[in-house]
Each structure stands twice: as C-alpha cells, then as structure tokens.
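Protein chains: 4
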Amino acid sequence: MDLVEKLKNDVKEIEDWIIQIRRKIHENPELSYKEYSTSKLVAETLRKLGIEVEEGVGLPTAVVGKIRGNKPGKTVALRADMDALPVEETSDVEFKSKVKGVMHACGHDTHVAMLLGGAYLLVKNKDLISGEIRLIFQPAEEDGGLGGAKPMIEAGVMNGVDYVFGIHISSSYPSGVFATRKGPIMATPDAFKIVVHGKGGHGSAPHETIDPIFISLQIANAIYGITARQIDPVQPFVISITTIHSGTKDNIIPDDAEMQGTIRSLDENVRSKAKDYMRRIVSSICGIYGATCEVKFMEDVYPITVNNPEVTDEVMKILSSISTVVETEPVLGAEDFSRFLQKAPGMYFFLGTRNEKKGCIYPNHSSKFCVDEDVLKLGALAHALLAIKFSNK
Amino acid sequence: MDLVEKLKNDVKEIEDWIIQIRRKIHENPELSYKEYSTSKLVAETLRKLGIEVEEGVGLPTAVVGKIRGNKPGKTVALRADMDALPVEETSDVEFKSKVKGVMHACGHDTHVAMLLGGAYLLVKNKDLISGEIRLIFQPAEEDGGLGGAKPMIEAGVMNGVDYVFGIHISSSYPSGVFATRKGPIMATPDAFKIVVHGKGGHGSAPHETIDPIFISLQIANAIYGITARQIDPVQPFVISITTIHSGTKDNIIPDDAEMQGTIRSLDENVRSKAKDYMRRIVSSICGIYGATCEVKFMEDVYPITVNNPEVTDEVMKILSSISTVVETEPVLGAEDFSRFLQKAPGMYFFLGTRNEKKGCIYPNHSSKFCVDEDVLKLGALAHALLAIKFSNK
Amino acid sequence: MDLVEKLKNDVKEIEDWIIQIRRKIHENPELSYKEYSTSKLVAETLRKLGIEVEEGVGLPTAVVGKIRGNKPGKTVALRADMDALPVEETSDVEFKSKVKGVMHACGHDTHVAMLLGGAYLLVKNKDLISGEIRLIFQPAEEDGGLGGAKPMIEAGVMNGVDYVFGIHISSSYPSGVFATRKGPIMATPDAFKIVVHGKGGHGSAPHETIDPIFISLQIANAIYGITARQIDPVQPFVISITTIHSGTKDNIIPDDAEMQGTIRSLDENVRSKAKDYMRRIVSSICGIYGATCEVKFMEDVYPITVNNPEVTDEVMKILSSISTVVETEPVLGAEDFSRFLQKAPGMYFFLGTRNEKKGCIYPNHSSKFCVDEDVLKLGALAHALLAIKFSNK
Amino acid sequence: MDLVEKLKNDVKEIEDWIIQIRRKIHENPELSYKEYSTSKLVAETLRKLGIEVEEGVGLPTAVVGKIRGNKPGKTVALRADMDALPVEETSDVEFKSKVKGVMHACGHDTHVAMLLGGAYLLVKNKDLISGEIRLIFQPAEEDGGLGGAKPMIEAGVMNGVDYVFGIHISSSYPSGVFATRKGPIMATPDAFKIVVHGKGGHGSAPHETIDPIFISLQIANAIYGITARQIDPVQPFVISITTIHSGTKDNIIPDDAEMQGTIRSLDENVRSKAKDYMRRIVSSICGIYGATCEVKFMEDVYPITVNNPEVTDEVMKILSSISTVVETEPVLGAEDFSRFLQKAPGMYFFLGTRNEKKGCIYPNHSSKFCVDEDVLKLGALAHALLAIKFSNK
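Residue numbers (the numbering used here), protein chains in the order written: chain A, 1 to 393; chain B, 1 to 393; chain L, 1 to 393; chain F, 1 to 393.
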C-alpha cells in the first residue's frame, strides 16, 4: 500500500477525534496572547501521543512538539495558530462559543485540530520519518501588531528548520480544495497614521485658520491617486483610509485631523514607492497651507508571505494526490507565517471550506463564519504527507 | 447745553461705577442659562435706580427693566446679553475670572455694564424720555441652539416695542469706533450633520465594502464646490465642514461616517440654494455607490441679523455726534439679536475695543480677549442717546 | 427754472436725435481697435456742435472733444467706450447689426449716443460751465488685454483732469434706475495660465508616466479650495478655470496639460493672497509627482474700479434729482474705466435698461441683448448735470 | 537526431536569410491597412517555398499560406502581424526606416521574418507535419479600432483551425527568453468618451452657469476612485483619462467639456462593473448640477487575450527545450490576436529582445526601439516546433 493510501486509512480512524478537539476549542475561544486553555489542551494531547513537548517558547501560550525520525533527515516545521477574534458569534452551531464577544471566526480552532491530527498520523507512521518534525502551535496571529511568530522565532523555534508549512482554512475556496501560488501569496500590512496640525478658529472665518479637515481631503484624494496612477496596475495593491477623526463642534474649525489606514502590497519596491509618495503628498499639501504634519508607519509589521517557487511546485504535485489543487490569486490580507518563510523555504496554503449545501458560505472574520468539518481530515493528512515527504528529501 | 453734552457730562460721573460692575461680572462669569449671580446683580442695580424690574421673563435668569417717560411716545428696547464662554482665561488682568474653564471671552460682561450705565443716564434724564424704555438683559446668546432671545420673545418681551437696539463690543474695530451697516450685518448659522451609511469590511478588500470615508471625500469636495461655483461670488457666504468622524481600526473599513459643519449666509435665497445643493450632492454621490445617507439641518437656528436701512441711516448720524462711525462689512458670525429685529425695526452695532497700546488685540472668543475699558462710557452714552431720540420720534 | 428742469426740457428736444445716433452705430458695430466709422461719426457730430476735437489720441480711433467754460473752474472728463463684440445678433430690432458676427451686445453704442447728447446739452448751456469738459470717446474696452484707456492716458488724455465719470447701460437694473456704490465696484481680472509638464506614455501604464491630467485635477480641486477656504468669505471673490486642454488619443497619456482661467477680486491683498496660493498649489502638487510647471498671470490687466467715496456720495444726491439711485453690490466683471479712476477721483455707474414689457430682459453680452431707448435721455442728462455741477466746484 | 536538434541545425542555415527579410521590411514600414509591399514580399517568398498562397483574405493586404502534411492531423495556425507605427525612427541602425514618420517600432517586421523562417523549416521537414499548417500574415494590429484579425476571421481564416499561436517580440524580457502565462495575458481596451453639456457664461459669474469643467473634475476624481475603491485590488486593472478638452477663453466658462480615456481589464465582470460605475458616476454628478451628459464606449474593441491553460502548460514545456521560459505578469496593453484565441485554443507569447550590451533597451513603440536579431532564429524555430508537435496531436 502506498504512503497516501496508508495515511488515508489512518486518518479515517481519528476523523471524529479531530472534530471533537476542534469543537472543544471552538466553544472556548481565547484572544491573542490569552490562549491558556487551548495551549494546555495541545500540550496534553501531544504528551498523550508520546511527543516531546516544550511550552512557553517565546510566549507563555506557545507550544512546540518534536517528533524525531529513526534516521537522519531534514527538519520540517508544521505550524498552526491558536487565537480567536473579538467577534460575537451569531452562527447557530451546537458547539457555539461560550465566551461573550469572542469567537473562532477565522478557523484557527480547525488549524490546531488538523495539526494534532497530523501529529497522530506521524507518530503512527514514525518509521517513515527522517530527521525531525517540529509542530509549532503559535499564539496571536490575529494581533496584527507584533504577532506570535516573531517571539517564537527569537526563542529559536526555527533553528535548524529546513522546510516550513502552514495551512489556513478559507471559505473563499470550495470544500476540500487546496489553493496556493508560487511567490507572494499574502501582503504586508503597512498601517499608517497621518496627523495634520493646522490652526483652528471660527467656522465662519476659515481664512483665519489652517483648516486641517480641508487639507486632509486633498491628501486623501491624492493618496487614492497613488493606487490609480502611481503604482503598476498589474500589481496587487491597495491603500485604504479606514479612520478619520477631527473636530468637536459644528461652528469650530479644529486644530488637528487624524487619519489611519493600511497599505497592502506584495512587492517591496511597490511598498516603498507607495510610502514615499504618501510622505511627499502629506508634506507637500500641508506645506501649501502652512500646516505641519506627522506621517507614521507601524514598524516591523508582518512581512510579505512569499512561497518558495520550487517547494510550491513540488507540494502542489504532492497535494494533488489527495485532493484538487488550484493556483490562487494572491490575497491582500496579512499573515505572520511570513516570518517563518523568511527563515526557511516552505509554503503557506489554503484549504477550502465553502459548501453552499451546508451553509458554509460566510467569509472569514464573519460572525456567521462556519466550517465544513469534512475537510479537517484532509488538513491532517496534508500535514503528515508533507512532513514525511520533505523530511526524507 | 444740548442733549449730547448733558449726557457726556453725566456719564463721566458714573464711568468708574460702570467699570466696577463690569469687573465684578468678569470675575464671576456664568455659562448660558446659568447667569444666576449676574441677573441678581442686574435686578438689584435696576431696583436701586428705581427702575421697575421683572425677573424670569421666558427664562429664569432673564431680567427686564422698564423706564416710563412722562409723556406718550415710542417704546424703545435696549438689549444686553449676559452669558460667558467655556474658555480658560489666560489674560493677566487683575479681575481675572475666578471660575475654572469659564470666561467672559466675548465681552457680554461689558454689554451688561454699559446697559446699566445707560439705565442710570436715562433715570437721571427721565424728563427727556417719552413712551417707554425697555431694558432687556438676555441669557444664553452664546448657546447657538435655541438661544435666550426666543423664549423672552415668546414671553412677550417685544410686545409693543417700536425700536430695538443692541451693542456688541468687538476687537475687530479701533477703540471707541462704532461700526454697523444697513441690511444684513450677521449671518444665519445653518448647522448641518451628514451621515453616510456604507458597509464596512476588511481594509484590504474595499471592493467588498461601501466605503463611507471615500464617499465622504467626494461629498466634501463637492460641498466646497458649492461655495466656489454655485453661489454668487459677490454674496458673503461660507460652508465649513468642522467635524468628520469615522472608523476605529487601521485595517477595518467602517460602516458609517459622520460630518458636521455650518453654512453661513446673509440671504434666504442663497441659504436655501446651498441647502438644496447639499441635499442633492449627498444623495446623488451616495446613490452612485449604494450607500444611504442622512442630511440634517438644525432647526430654528438664529435668523439673519438685518438692520433696518432707514433706522440705521438715522442712528449712524446720531452716533457720529459722540464718536466715529464706520460702515462695516457684514460678519458671518451669528447673533440671536436677529430675533428681536424680526419683531421691530432697529439696529445691531459694534463698539470697537482694539487698542495696540493697551494690548487689547486678541479676537473675541480668545482666551486672551481683553477690553479697553475707556470705551464703556461710550456704550452707555449710546444706549441713552438712542433711547431718548427714538422714544421721542 | 432750476438747472435740472432746464436740462430736462433741453434733452426732450434731442431725444430722437440721440436715438437715431445710437441706431446708426448699432447697425454698424465695429470690434476693438477698429471703430473707424464710429469714431468718424463722433468727430463729425462734435464738430457740428462747435466742439474742439482731437482724433487719434493714443489710438487711431480715439476721439477727444473739449468744451471750455467762460470762467476758470474744474476739468471734468466724461467717458464713453465705442467697441462692439464678436457676437452674432439674434434680436429682431429693425436696426439690427448689418455686420456678420459683430454686435453691440454690451450697449457701447448707447454710451456714445448718450455722451453726444450730453455734449449737445453742455454746448447749449455753455454759460453754466466753468473750467473744461473733456469728452473721451474710448476704443477697445472689451479687448480685455491692453484696453483702450491705457494708450489714451499715456497720450495725456487725463492731464489736468479733476473729476472723471463713466456710465454703463445694464440690464441688471430696472429701466432708468442709476446704480453705483462707494469704493470698489468692479473687479480686476487676473487671467492666468497653468501648464503642467509631465511625461506621457501608454494609457495602460500610468505608473511609467507623470500624468499631467491627473495632476491638473489635484491642482484644480485645490484652486477651488482657495475660494472656499483661504479667502475671507465676506470678500467678493471668484476663481474660474475656464479652459483645460490635454491629450490627443484615448490610449496615450499626454506630456502636458494646460489650464486657463480668471481670478476676480476687489481687494489688492485678497488678489495677491490668491495668486500666492495658486503658485504654491501648482508648484507643490507638481513637486509631488516630479512634474514641472508654469504659472503665468497676464500682466497689466485692468485694475480694480474704485469709486471715490466722497464724490460718490455727492453724485448719488445729484442723480437722485433726475431718477432713482440705488446702492448696488459690486460686480466681478472688469472695466478699464478703472485706469481713469486711478488718475482722478470720480465715479463709474450703471444706468438700468431692464424692462420686461419691452422684452429688454437679456443679460449684457447676450446675442439677444436689447435696450429700452427711453433711458438714453437720462444718460445724456446725467452727463451734462455732473459736468456742470463738478466743473463749478 | 531528435526533432529539436534537427530544426536547430536547419534554422542555422537560414538565419541570415531571416535577418535580411526583416531588414528589408524594416526599411519599408507601412501603416495599418497599407502593408502593400510587405504582403507582396510575403506572398512571393511563400510561393518560392512552394507554399499554397491566398491573398486578400478579408483585407487587401492579408496573406494566408497553407502547408499540408502527408497524413491527417490537426490544423495549426501561426500568426504574424505586418503593420508599422506613425513614429519617426531615431535609432541609428544601418537599415533605418526610409519612410518619413513611419517605423516598425513594435517589431512586426521581425514577426513576419520569423514566420517566414518557420515556413521554410516546415517545408524542409514536411514529412513531420500532419494535417495542415496555416500561416496567417495579418494587417492592422496597431489600428486599435476594428483591427485586421476580425475581417480575416469573417473571411474564414480560422475555419477548421484546432490550435493557434502568435509571437510578439518584446524589450520587456531578456534576449531569447520566452514569456507567457495561462489565462488572461493581455487586456481589453475599452476606449470611452464622456461629454458634459453644461451652460456657459461669464468667468466672473459661475453661479449663473452650469460649469462643465468643474463637473468634469468631480467626475474624474470619482472615476479614479473606481480603481482605488471599487475594483478588486488583486485584479490587474486601470482607468486612464488621457484627453480633456474644454473652453476657449480665460474669461468665458464654456458650455461643454469632453474627456476620453481607456479602461483596461482582464476580466469581464470587472470590465462591466467599471463601466456601470462610470455611467452612474457621470449621470449622478451631472444630475447634481443640472448638466446633461454622454458616456460612450467604443464598440467591438479587442477582447481579452486569454491563453488556453492546458495548451499553455504543454507549450511552455516544448519551448523550454529550445530556450528559457518564464511565467510573466499580464500586460494591460491590447492585442487582436485575442480574436483568434476566441476561435481556437492556443497561446500568445513574448520573445525577449532586451540586451543591454547591444543597446536594445528601449520599450516597444519607442522611436529608438531596436531588436537583438540573434533571437529571430528562435522565433522561427518555435513556430516550426509548435506546428509539428500540435499538428500531430
């Protein structure tokens, strides 16, 4: 029996076990950095499988499991993120979140369950492994600021890793379909803050003021011009001004106006070109009117998630042995799996869960987000298959 | 001795008395509708002058004094507003405000003192009066919403009034200079609120949202086009967008965006044309993108302050007997003295207090606003002179 | 019989004569600098009245008549412009223009006829004149560039003039009503040209170009912001972008874009503030994108037309003896009578010709513009009356 | 010897012959629909090679050659376009264009030479062909309006064709590199014209006009918002406003304003969404101000060029046997080879000619565009190889 057949049979035995783990985590969602019970469940489950476990790797709730093969080989890391979102669950699944205002609305509960399933398969087929399989259970992917990957990497989680793989469940693709692409697959999220310092005054006498709202209008228009005119239109790219706040009263022109937003790009040149234009636009337009300004970009944001082309070609062939694999467009969301890919070649890929019949049609982050649990076994299978294949390269 | 000489002499006697009243009020500023101690001081002072006093006219802190001439004649109303502003005084006068965060930054303390000075002169020259002089001490001019004039009028303060006059101290004109104009002199302040209801979503996928901030940009640009293209450029007119609020997080496009501001005009046709355009702009631009919207104009705002042309011609001649009188440009601030002028012909005029030597250079509403007290006697004199002249018409 | 009664009777005798002169000129309209037959008619008519005539004063078609009083007195200049407009007349008067594409659409034919009528009255009442009455028949007011006034002034036409008056017929006011105002009455027309030099390229690859049209959009939006935010909203002021030209083909982004327009203001500070902002806006916004630019303002344009306040007060009283006189809003059109007013105190005023019953309802410069000829005698009368009164001051 | 080796040897023999043909055509460039001498040269050359020739296929200058295999098989079409551009050549090659203002600035001369080279190879290896190889020499690709492909198709050129291939030389890729991609590779060029009909008037009185330039500003801003906010930012997409014309004089607001430009997209849904928004934007914004408008999209423009995914996979493997093959980003230029791909599966691909050492660095359509002639044999080889492989499928 070939490897795929073997693993397919094995995963059938534990399908329900995987689902139950997922539901338990779904009922007890925990926000970024507070994944205490989830990480405890992971550590216990790994230990029950006889896997070497290290807790608190870089972060209190970070867990790493290690399965060593009987012969030398490559070190393959498999990653699952664990945190939930500040969303009030409105879907009516029986295992609905029991925590007010917190929900696994992005499927990280399924990621943990699928990787524990993969761990089970790997332990059961330990003889097929070479080198080391490193199971990374990462907190705080949704944090969007520092993020959980960075501290784990600083704590050495990627030392000696030859390949790294990560799966994300997504309602953008049909149930059971794997979707990925070579090169950049997810964007870097350059959060920005623009503050215009004008000089307030009476609403009836704008000429005696430096009107920060009017200036912000000109800046915002020019910023949207960056997308429409300055960036290569073939490049996936977007700037969104997502907050604007200024003023208190209808007859008082305020002193200051503040805008925040995000620049999403998949290319470092495009990224720096956009930021340069933004700085020039803000300072030049403020200069016209004698206003002063601040333009701040959040530092050390998640990098661009770049799939290694050769690895991706190979993985797509491997995965096509267990399901349909499609080449997807890039996504302008962001993922700190990108930091792992900066340390070792690997691939980040989506596992589709969209199933009209089962009502699994809502986008990730929606309060009605729901998952076709039939796909979970495929995730576990993919983890195990890649671990075995690449550890033996 | 002619009337002017007589009154000039009389006012010299009480100049210091007027100044002390002003300083007492300045030290104890009271916000709109809470002018308790100021109105008590007014009522007591009027009674000491033997003047018939009515308190609580339309508002608890409103005070009206009546001086009746010995022979029939016209009823002339003289008005002074009493409220202070939510401003922290930073000027270093010895009689600085003793109330944290409250200051007579618009000179209403001087208005009360000057009208009490005028009352003194009228009592002293009672024989020269015909008909009735009605002294209106009005709360809450700065309120900007309902305002104190309206309830006083509804309580009958303007019943039977033939002429009405009001003075406002202003650092826009040189000390002692009277400034006014025929026809519209101050604007109506149409406060507006625009709410754009879009559909929020992820900052990286604007195409899946109805972006209320982007829509508000287009609306704001078109609104400023009303001033630049749709309103007669000879007409004093301004629209100011003074607040804009939308969004909470750099990567989330919000559902809604809210803007507030003010339309200032001196002409009813211009006013309704501007409001029509604003409604059309907001609904049309929202319509392009499938957003819904609300456009609200505050109701029953202060009317346009319109000086009666004939009365103004006559008053300018009278005042030129006691000081320099200039014809001023209209001002796009607002005043609820306009409501009194809707009930009887009259005139609203400024008394200059700008004096570089004395450091009286800061604009009204400034935390450093200060008054050249030498002009106060002129205000009292003007009140008395107009009362006598017009009561005898 | 007083002066006004005398002149009223005299002008009745020549009313028809004035109307016939007007109609003759109306049938033979001549464009700026080409008023050959009109100026010939003027010279002949003056000579027939025994008036001393000088032709070619500064311009070939300029004519000056001089009537000297018997006793010393003031020199009073009265001015009428003579040129027509490049407009195809579509009104159906029997004395319609006989010249294709040229029409007296702004009433300069009536100005000539009224001043010749005034000359007749002055000759007839020569004894009432002191000093000298100087009749200025000026070419090329409509030229908008150099204009006819400047060369005539350089040729000495205003040497020794004490007062100068000019009438303009206008359908903005009711028939027979005089309208004027103290101070600035007409604007200075700062014509501007903005050229943005970008770098063209393919319409599908804007990022490889410096798109002059996009840049011009930002500039134009900011320019309209000058009106809405930077200039005192009480000041009559307008900027109009009246031409924009760029590009030849739908798939080629051009190199350059050119805009023209006009700034109209009644105040030198406002004027220079607007021009400064325009320069800063164009250079700053071009600077953002690496474009270069030119901002040119036409030189030596017609100045602001400023009526002398004292003279205006006096003239309004004089004119009220022959008709209704109203104080008008300023007009943002331009007039090179302004150059005469820079040389001597005087007044420029409108004579209304709007008459619904007679169908005289079209605005000046309209191809259907028509005049209520009953008012022409009033214009002649006004010229004579002012000449007599001010020459005797 | 395998097929590739055989063809490589054969093409060496005729490399110079191919280059000479190219240079002859380069010296005698002919604009769209006027490729008389080029098509004569093609017909003669084909006949000399013993190939069945048909001239005037749908267009006078269109030429089709047919090479029939000895055994049944597939019909494979190979296409080369023939027209030059209205560009004055400024490159200093010895075989520079001899026709003023006309130049082969896009390499269509090389396309003809490479396809004639391919024809030579196919005739020489006729025994390896099955079915039919149809050589399409197409006029007027650069025309951008109707284009040459459409009439040839209507004349039956694609009847019975099983596969179709087209090569385009491009300085965007290194010399000798083949570049292509599955799915959409070039855009559909929706040329648009927007006319705003307002109501002109005097530059000083915009409120009496419906200002078409101001309205066009609002429209243009909103149009660029389509790119920035309404279209999926991952989608290659651009709108360029490339011409704007309005107005004649600095003091006259014109009646009308006209804009032209192009929408480039690779997806029919995106394309129709953009056009819908454009219509809504123009009509809604015109509606605000009472202007009327026209929005016209050029009809029957070149479709999206869509490479058949399966054929592309196969071709990329075949071509990798003779040179480097890279997967390229889509290009937002347009090509009427797209019409051939609507009739039969096939692939359009680029052949790189960028060679710094040889100074071949200028973009297509540049007056300095020049080609590294060493690559021409590769193009001939590719034509022959694909014809043989796919005719035998």
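Hints may be right or wrong, so weigh each one.
Because identical chains cannot be distinguished in the list, a pair is counted as satisfied if it fits within a single copy or across any two copies.
What the hints assert, rightly or not - Pairs of lysine to any residue residues, derived as SDA-like cross-links and limited to a Cα-Cα distance of at most 25 Å, are as follows: (1) K40 to G183; (2) K98 to Y277; (3) K199 to P330; (4) K343 to P86; (5) K100 to D232; (6) K182 to V325; (7) K273 to D232; (8) K273 to N251; (9) K199 to G359.
Don't read these hints as lab results, they were simulated from the structure.
Now for the hints, and whether the structure bears them out:
no. : hint         : result
1   : K40 to G183  : neither (35 Å within a copy, 47 Å between copies)
2   : K98 to Y277  : neither (47 Å within a copy, 44 Å between copies)
3   : K199 to P330 : between (43 Å within a copy, 24 Å between copies)
4   : K343 to P86  : neither (30 Å within a copy, 52 Å between copies)
5   : K100 to D232 : neither (44 Å within a copy, 34 Å between copies)
6   : K182 to V325 : both (13 Å within a copy, 16 Å between copies)
7   : K273 to D232 : both (11 Å within a copy, 21 Å between copies)
8   : K273 to N251 : between (39 Å within a copy, 20 Å between copies)
9   : K199 to G359 : between (54 Å within a copy, 22 Å between copies)
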